[in-house]
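> The listed protein sequences derive, respectively, from chains A and B. Residues in the first sequence are numbered consecutively from 399, following the numbering used here. Residues in the second sequence are numbered consecutively from 12, following the numbering used here.
One or more hints might be untrue.
Far from chain B by the CB rule (all over 10 Å, computed), these chain A residues [to be verified]: (1) Arg407; (2) Gln414; (3) Ala492; (4) Thr493; (5) Arg513.
Partner residues aside, some chain B positions facing chain A, computed with beta carbon under 8 Å [stated by the list, open to error]: (6) Leu125; (7) Gly126; (8) Ala132; (9) Leu165; (10) Leu177; (11) Gly184; (12) Cys185; (13) Leu186; (14) Pro191; (15) Ser311.
Now the in silico label distances, taken between C-beta atoms and shown as ranges [claimed, not checked]: (16) Glu358/B x Arg418/A: 32 to 40 Å; (17) Glu446/A x Ala219/B: 25 to 33 Å; (18) Arg418/A x Pro323/B: 30 to 38 Å; (19) Leu553/A x Ala234/B: 47 to 55 Å; (20) Glu446/A x Arg238/B: 36 to 44 Å; (21) Leu553/A x Pro274/B: 39 to 47 Å.
Just so you know, the hints here were simulated from the structure itself, not pulled from any lab data. Glycine is no exception: its CB is placed at the ideal position from the N, C-alpha and C atoms.
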Amino acid sequence: MAKKDAPPRWDRKMQQRLARGEAAALGELYDRFASLVHGLAHRVLGDERAADGITREVFAHVWQHPDAYDPKQGPLRTWVAGLTHRLAVQRLRATETAALAQGGGSTEELERKVRHASVAARADYIVTSMPAPLRAALELAYFQRRDYRQTAADLGVTEDEARRRLRLGLQLLSTAHDTGAPGAPPGYGGAA
Amino acid sequence: MNETNRFEAYDEHEGQDDGKDREKDENQKARQDPEAPEGHGRHGPHAGTPTGPGGPGGPTDGGSPGPAQNPGRPPRIPLPRASVEDTGQPLPPLEELPEPPPLVLEHPILKSLLGAWALAACSAEETAAVEDHLGMCGACADEALRLREAVGLLHPPESLDLDPGLRTRVLEGCLDRRPPRIPVPEWAAPYDAETARLDALLRDMGDAEWHAPVRLRWFEADAATSRRTTVAGVIAHLLTVDGLVALALGLDDPLGEVTAQSPTPAARTEAYWRGSHFPPTRSVRAPWREQSHDLVRTVSFTGGGAGKLSVPYGDFDLPLRDAMLDRAFECWVHAEDIAEAVDYPYEPPSPRHLNRMIDLAARMLPTAVALRRRHGLASPVHGRHLVTAGEPGRTLRLEIEGLGGGEWLIPLDSPAAVGSAEHEVAHVALDGVEFCQLAAGHVSPEEAAAGQVGDREAIRDVLFAAASLSRM
Numbered sequence: 399m400a401k402k403d404a405p406p407r408w409d410r411k412m413q414q415r416l417a418r419g420e421a422a423a424l425g426e427l428y429d430r431f432a433s434l435v436h437g438l439a440h441r442v443l444g445d446e447r448a449a450d451g452i453t454r455e456v457f458a459h460v461w462q463h464p465d466a467y468d469p470k471q472g473p474l475r476t477w478v479a480g481l482t483h484r485l486a487v488q489r490l491r492a493t494e495t496a497a498l499a500q501g502g503g504s505t506e507e508l509e510r511k512v513r514h515a516s517v518a519a520r521a522d523y524i525v526t527s528m529p530a531p532l533r534a535a536l537e538l539a540y541f542q543r544r545d546y547r548q549t550a551a552d553l554g555v556t557e558d559e560a561r562r563r564l565r566l567g568l569q570l571l572s573t574a575h576d577t578g579a580p581g582a583p584p585g586y587g588g589a590a
Numbered sequence: 012m013n014e015t016n017r018f019e020a021y022d023e024h025e026g027q028d029d030g031k032d033r034e035k036d037e038n039q040k041a042r043q044d045p046e047a048p049e050g051h052g053r054h055g056p057h058a059g060t061p062t063g064p065g066g067p068g069g070p071t072d073g074g075s076p077g078p079a080q081n082p083g084r085p086p087r088i089p090l091p092r093a094s095v096e097d098t099g100q101p102l103p104p105l106e107e108l109p110e111p112p113p114l115v116l117e118h119p120i121l122k123s124l125l126g127a128w129a130l131a132a133c134s135a136e137e138t139a140a141v142e143d144h145l146g147m148c149g150a151c152a153d154e155a156l157r158l159r160e161a162v163g164l165l166h167p168p169e170s171l172d173l174d175p176g177l178r179t180r181v182l183e184g185c186l187d188r189r190p191p192r193i194p195v196p197e198w199a200a201p202y203d204a205e206t207a208r209l210d211a212l213l214r215d216m217g218d219a220e221w222h223a224p225v226r227l228r229w230f231e232a233d234a235a236t237s238r239r240t241t242v243a244g245v246i247a248h249l250l251t252v253d254g255l256v257a258l259a260l261g262l263d264d265p266l267g268e269v270t271a272q273s274p275t276p277a278a279r280t281e282a283y284w285r286g287s288h289f290p291p292t293r294s295v296r297a298p299w300r301e302q303s304h305d306l307v308r309t310v311s312f313t314g315g316g317a318g319k320l321s322v323p324y325g326d327f328d329l330p331l332r333d334a335m336l337d338r339a340f341e342c343w344v345h346a347e348d349i350a351e352a353v354d355y356p357y358e359p360p361s362p363r364h365l366n367r368m369i370d371l372a373a374r375m376l377p378t379a380v381a382l383r384r385r386h387g388l389a390s391p392v393h394g395r396h397l398v399t400a401g402e403p404g405r406t407l408r409l410e411i412e413g414l415g416g417g418e419w420l421i422p423l424d425s426p427a428a429v430g431s432a433e434h435e436v437a438h439v440a441l442d443g444v445e446f447c448q449l450a451a452g453h454v455s456p457e458e459a460a461a462g463q464v465g466d467r468e469a470i471r472d473v474l475f476a477a478a479s480l481s482r483m
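With the rest of the complex left out, here is chain B (with noise of 0.2 Å):
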């Protein structure tokens, strides 16, 4: 049970005994009404009128204790002023009534009100004025003919969630009929879908929910840690992340004027968010939008030869077609943030895409290992000597179990050995998505829902190391 429904519960708790006593009273009272004696009346306005079918306090027997609905009784509540009834002359006919006076407006005005009037948005006095009017002038009377007809056509928009994999289909559905002559690359894919399918997300929300609350999530020495933002606040998180390709690319630095204190994503982000006067507003969505449909361009140009362009993180560089894909996991990531900051449903990546991103992951593994061992988290190589560069050393298998996943040889000695099923020391199998979720930070190593046989300390480090990879 929650804290609401507790401190609801106790409250009905506390309140039973006494509200049963009151009821009890106030059925009494109700009772005893109809033979009270005068006085009683001063206990609410309904006191003076009789007990109607709707009984005491119904909607309808409220305000109006006319003297002719209750002849005994004087009426308890002074009438304001008299009124032609109590004088006891005759009433005058309804129609001599006297009416507001007609309203007079001159025709430009009235014309002016013709898309009002056809929205019934002028005031009573207005429309019939209109409609009088209508009634002389046949100029106006084609003219709101027409607008009431146009009123007709206003529809609330068509519900606009494209299916996010429409996209991929009419894509491909088009290259297929004309194959195209600068294509995207195969690794620069991934990226393409998921920023279409952030944008897709980000496209139907308010301006409310450009500020919800999101927290990033991921590991830093082996512990969860975490920095609270905005949904505006991961775009931007997102824009200047991605600016590192762009920077690599020769395109523009998103920062801009803004300096970070070192090139890595966190101190870029942070100097980014510091350096706008004002949170981040549903205002960095174009410019985020506009730098990955210029990134998903250039590198289709640079196309074959974009092999040796290397992008910096500042703590480490990667070859640009993996940069390309950890852009597209952390899109995703990310984007499974905001969906849940703001309650939208968000699907996985596409098999083929995941498949992409876990291979990236796993081959970067070995050198995740190899770095908490300088750091004195990994377990030591127990008495055996680095394995020479390109031999075969112990290895762990990890199985990527469902859609988009595979088995990937992990080498545990060196990031230079080769991974080899012959010296397999453990076996880890995980679900594609639980296994990105632990290399995003989002899940624990301990509590990542993983099988494993063979050595357990190869095990925890091979899951520690993956959430290792994780970073703001």
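One chain only, chain A, in its complex shape (with noise of 0.2 Å):
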């Protein structure tokens, strides 16, 4: 995808035009981001409407403060599924705080359930955001259930490599789990 590999250029000109006032930069915000953010949204609170919320309140905080992004700690892209996590996530506990006051649950099924959605929507970035020749690997092992030798032949790259390429995916998506630890490099961190 040339979109997730766009300079950083892109990031600090959208900066500098949404804090300009300009709605055209907003616009191109959204149709770069809004099915990344929707789509997290979604994973987190497994409903549409829900995840339509999240992305009215993630794209009106951009439009709202672009200071907040500070593009020398990383790409626009993180900074915005970092904030989308953060927001869905507080959604769900949210919801699920006040289904746990009617009677439903306990807490740690609460806790449970939030951290597992968080894991999985951060699974989810990880492997859209990952290089990819590691993504079209997992998908042909995982998805066609292809295995290493026919993954190696159908991408045309040595055995050897495609070996090293599920790993190292899988590698990278198993930090999914790491809620945000300082500097953990992958995920946007963002802690349940």
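From the two separate chains plus the hints, produce the assembled complex.
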């Protein structure tokens, strides 16, 4: 995907345009990130309308506070994903707490559910953000049920390389379980 | 009934008598089979097996005519080699059967296999070797566990068919909270929305769908015309014609080095198609989208002053704001062509935007009527002298029904005349989307479902003029 490899220049310019109050920039921001935002929110909340609501909140937040993003801290995409994650998990916790108050389930269940949703969303983000060759290898081996030799043949790489990609891809994915330890690179942090 | 069905039905019919006979035959044979003489078995591989519960030819009794099952008969097919069972010697105990030699792999190889192992994507021997190793190597066992857990996190991607209306709602919500200092002009909003909608349609399309055939249709000299291309070819068409607006705004021409014979939409498109060595592919999406974003951005800055700017289309000019509406309209029309080609659903524009597009077409109608008249296609202004500019003249009331509709008074005698209810000679009522299909050249004027009252000639002139607004 060309989009995620966009140079940070795009991020900086976008921030300046948003800060300037350029409505066209807001449209472009939406076009680039709406499916990411909506997809993550949907993974956490499992509900279309709730995901719509989070999408509205995320873009409103960026539009109202464009300076909250610091290009030095990383790509805009990562920041937007982190913001989405935080707001969606917040919403999930709020609705689950409300359900709890009405006598449904235990606090442990709530925590487990929140954590589970949070990890699943982070995993989605990692998959969409990982280098395309790793994603392609995982896609073949997992969704298309190809073994690593077939995967290698399909991708036109050596068997060594196919094994390496599958292992590296899973290693990246497994960091979804790390709840935003400072400096955790591949995810967007964002502790549940 | 379509061709295929007819063919099948015919086939079936043809075979019917024959088939019945054959079936009878078969049944007889089956009945005879058990007591059939030996030679009958030549008919099939299953002939030698007794008719078990599965019947002859059942899936399980196929290839194993073991002598033990069939004591009375010698094996018809010789066994490939003498086996231990045939020697009369005692069978070796199971555990002594020679196993395939265990795979011996070096630690780095085993480690490199962990990902494939976790995904169940290596051979049985490798799996066994890895699992043996995990019992002995703590580091690998830890990693194996971690990777197995990671596999559980792989989900098919969420279906990302975002509600196209969400974009408008989200953006409006934002702009309410913080009014923009540089808004998108209201006349550019339809283009902004339609390009976003088309882009969302393109996002999920597979490589093959980009090459799905599309027939562009329009009206030329009162006759339906068409041109074959592909989905990617349609986007290339939008890119090159949107490029007319880009040029007028001082942006780069997407045609680049390629020169068109004339600066018309069709000539530019043909030049672009010819100019590329390969048929357009999905790679055309990015430049098209980038240009559409640039257009929205640039017209936001030119703002109010842009009213004076006009966009040359070769044969005619349109003021910038109308050109942007025209491009929005074309974007929707071609998005429908594409959606139809790949069998996706596609909705009409929002009523507000549809209304602006209809308004543009209605405003262009008087000129189109005059143009057809000049070519002898529309009825002459019988005995009446042309109306003085700015004066009311014979008028057709165009009533557009449905969301986004409204009423328009179309002056018939001259583009410079003013439509007037007092001078109404005809009344046409049409659904909004139907009217747009007509103006896009997708519905012929004769077939357009229009309610009509009054001067038939005037109605015919206006409906044909609407179709004549279409172009490639």
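> Evaluate each hint against the coordinates.
How the hints compare with the structure:
Once the 10 Å rule is applied to beta carbons, Arg407/A is consistent with being away from chain B; the minimum gap is 14 Å. Distance check for Gln414/A against chain B: the nearest CB is about 12 Å away, which clears 10 Å, and the non-interface claim stands. The non-interface label for Ala492/A is consistent with chain B: the shortest C-beta to C-beta separation is roughly 20 Å, beyond 10 Å. At roughly 19 Å from the closest C-beta of chain B, the C-beta of Thr493/A stays outside 10 Å, upholding its exclusion from the interface.
Non-interface status of Arg513/A relative to chain B is upheld: no Cβ of that chain comes within 10 Å, the nearest being about 13 Å off. Because the beta carbon of Leu125/B sits about 6 Å from the nearest beta carbon in chain A, less than 8 Å, this interface hint is met. Interface restraint check: Gly126/B against chain A, minimum CB-CB distance 3 Å, threshold 8 Å, status holds. The beta carbon of Ala132/B is positioned within 8 Å of a beta carbon in chain A (closest approach about 4 Å), and the interface hint is therefore held.
A least Cβ separation of about 5 Å between Leu165/B and chain A falls short of the 8 Å threshold, and the interface hint therefore holds. Nearest Cβ of chain A to the Cβ of Leu177/B: about 6 Å, under the 8 Å cut. The hint holds. Taken as an interface hint, Gly184/B checks out: its beta carbon lies about 5 Å from the nearest beta carbon of chain A, inside 8 Å. Of the supplied interface hints, the one on Cys185/B holds, with its beta-carbon coming within about 4 Å of a beta-carbon of chain A, less than 8 Å.
Contact between Leu186/B and chain A, as hinted, is supported at the beta carbon level, the nearest pair being about 6 Å apart and thus within 8 Å. Taken as an interface hint, Pro191/B checks out: its beta carbon lies about 4 Å from the nearest beta carbon of chain A, inside 8 Å. At its closest, the beta carbon of Ser311/B sits 5 Å from a beta carbon of chain A; the interface hint therefore holds under the 8 Å criterion. In this structure the hint that Glu358/B and Arg418/A lie 32 to 40 Å apart at CB holds, the actual value being about 33 Å.
Our hint of 25 to 33 Å for Glu446/A and Ala219/B holds, since their Cβ atoms are close to 29 Å apart. For the hinted restraint 30 to 38 Å between Arg418/A and Pro323/B, the CB-CB distance of approximately 31 Å keeps it satisfied. Distance hint check: the CB atoms of Leu553/A and Ala234/B are about 51 Å apart, consistent with the given range 47 to 55 Å. Separation of Glu446/A from Arg238/B is about 40 Å and conforms to the stated range, judged on CB atoms against 36 to 44 Å.
A beta carbon spacing of about 46 Å between Leu553/A and Pro274/B agrees with the range 39 to 47 Å that was offered as a hint.
In summary, the structure agrees with every hint in the numbered list given earlier.
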